[in-house]
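**Q** Build the full structure now, drawing on both the sequences and the hints.
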Amino acid sequence: MKKELIKIREEIDSIDKEIIDLISRRGSLAKEVGLLKKDGVIYKPEREAQILGSLKKYNKGPLKAESIVNIFKAIISNCRALEKKLSIAFLGPLGTFSEEATKQHFGENIDGLPVNSIDEVFNHVENDITHYGVVPVENSTEGAVSRTLDLLLLRDLKICGEITLPVHHYLIAKAKTSKNIDKIYAHGQSLAQCHDWLINNMPHVEKIAVTSNAEGARLASKDLKAAAIASSQAATLYKLNILWENIEDESNNSTRFLVISKDNILRSGNDKTSIIVATKNRPGAIADLVAPFSKNKVSMTKLESRPSKIGMWEYVFFIDVEGHQLDKSVSSSLKQVEENASFIKVLGSYPAS
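For the record, in the sequence shown the residue sitting at position 177 is 177 according to the UniProt record's numbering, with numbers rising by one throughout.
These are calculated hints, taken from the structure and not from any lab test.
Worth double-checking, as some hints may not be accurate.
Simulated pairs of lysine-lysine, BS3-like, Cα-Cα distance not exceeding 27 Å [stated by the list, open to error]: (1) Lys17 - Lys64; (2) Lys37 - Lys84; (3) Lys31 - Lys56; (4) Lys44 - Lys85; (5) Lys7 - Lys60; (6) Lys73 - Lys56; (7) Lys335 - Lys295; (8) Lys328 - Lys302; (9) Lys31 - Lys85; (10) Lys174 - Lys207; (11) Lys207 - Lys222; (12) Lys280 - Lys297; (13) Lys17 - Lys73; (14) Lys73 - Lys44; (15) Lys183 - Lys207; (16) Lys73 - Lys84; (17) Lys345 - Lys44; (18) Lys280 - Lys335; (19) Lys44 - Lys64; (20) Lys17 - Lys60; (21) Lys84 - Lys262; (22) Lys345 - Lys262; (23) Lys207 - Lys179.
Pair ranges (Cβ atoms, derived) [what the hints assert, rightly or not]: (24) Asp182 - Arg9: 50 to 58 Å; (25) Glu339 - Ser146: 25 to 33 Å; (26) Ile6 - Asn252: 41 to 49 Å; (27) Asn246 - Lys31: 41 to 49 Å; (28) Lys335 - Arg267: 13 to 21 Å.
A virtual CB, placed ideally from N, CA and C, is assigned to each residue, including glycine.
**A** What follows is the structure, given as structure tokens:
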């Protein structure tokens, strides 16, 4: 038994060295690609989506597809950084779900810049302070993030990616038990997402809404009788104990984030297109808008209306469809939608998450 174990471990050690050699070779090739690129663009979302999709299909186990993706995202992120580190603005402070989503999408080897508002994320990308920005757009239980939708309408930036992040809330504190906790800090949306759990488990504790869960964690780190609702990353960042895990009321709670930039993205083979359309508030307006998609057999995955900021008594509709704007079916649909709309803006085509 001992000899067999030693033999297996020696084989693992040998494989690990082979892996290092191959990763080093990949890094050298990535640097060569960077030198050959004429447009100077480091990050190609469609190319990375194709790589990850191909690897998932090639995977024969025993590792799950999700594990393969995580491993290769780390490899890709570090190889990409050999050309140049990407700079990405996200809604701060450090320890937020926005930071987690950013690193899930781009990998760890980036220059992440936490900023104070969604507006600042857009400003940083518009003014070329960062290459990209990551903003929350909707939560599965709380709905749309209004400010993000407004800025997508008003600003001239493109969506170049999306991230769907499972959201799990933890009750964290400096104390090791919840026995003497008299206040809980959290973002208002997180308090709402944990409403039932808080009533059942901490009914008499004061709940205090703050600007972010990470800010709540920071405040809790200074008060032995305070706790916060935040991520496990925030617990690590502020050296807090996890008292309760997964306290969200909906186990399938998730937040969708968008990656914004100035770039138009080419086809990846599994894409989504987002548009904003405005129409007069009249009978049949919505039916006229969506009919072209049905006619051209384009699947619509999102339809949300909001009062318009570009005209009185108008509504704008945020629409997501499957496919790329360069696909014939999507392109034809958009032309037909334009005929019935008073305003249309293509926000971008990008790899679906």
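**Q** Does the structure keep Lys17 and Lys60 at a Cα separation of 27 Å or less?
**A** holds (22 Å)
**Q** What's the verdict on Lys17 and Lys64, does the C-alpha distance respect the 27 Å limit or exceed it?
**A** Distance ~23 Å between Lys17 and Lys64 Cα, so the pair holds.
**Q** Check whether the Cα positions of Lys345 and Lys262 lie no farther apart than 27 Å.
**A** holds (14 Å)
**Q** Hinted pair, alpha-carbon criterion (27 Å max): Lys345, Lys44. Please report holds or violated.
**A** With a Cα-Cα distance of about 23 Å, the restraint between Lys345 and Lys44 holds, given a limit of 27 Å.
**Q** Decide if the proposed pair is consistent with the structure: Lys335 and Lys295, CA atoms, cutoff 27 Å inclusive.
**A** holds (13 Å)
**Q** Is Lys7 within 27 Å of Lys60, Cα to Cα?
**A** holds (24 Å)
**Q** If I claimed the Cβ atoms of Lys335 and Arg267 lie 13 to 21 Å apart, would that claim hold in this structure?
**A** Distance hint for Lys335, Arg267 holds at roughly 18 Å.
**Q** Does the structure keep Lys73 and Lys56 at a Cα separation of 27 Å or less?
**A** Holds, because 12 Å separates the two Cα atoms, which is no more than 27 Å.
**Q** Does Lys44 pair with Lys64 here, judged by a C-alpha cut-off of 27 Å?
**A** Distance ~25 Å between Lys44 and Lys64 Cα, so the pair holds.
**Q** Starting from Lys73, check that the Cα of Lys44 is at most 27 Å away, please.
**A** This hinted pair holds, its Cα atoms lying about 13 Å apart.
**Q** Need the status of pair Lys73, Lys84: alpha-carbon distance at most 27 Å?
**A** Holds, at roughly 16 Å.
**Q** Are the Cα positions of Lys37 and Lys84 separated by 27 Å at most?
**A** Since the Cα atoms of Lys37 and Lys84 sit roughly 13 Å apart, the hinted pair holds (cutoff 27 Å).
Comparing the model with each numbered hint stated earlier shows that all of them hold.
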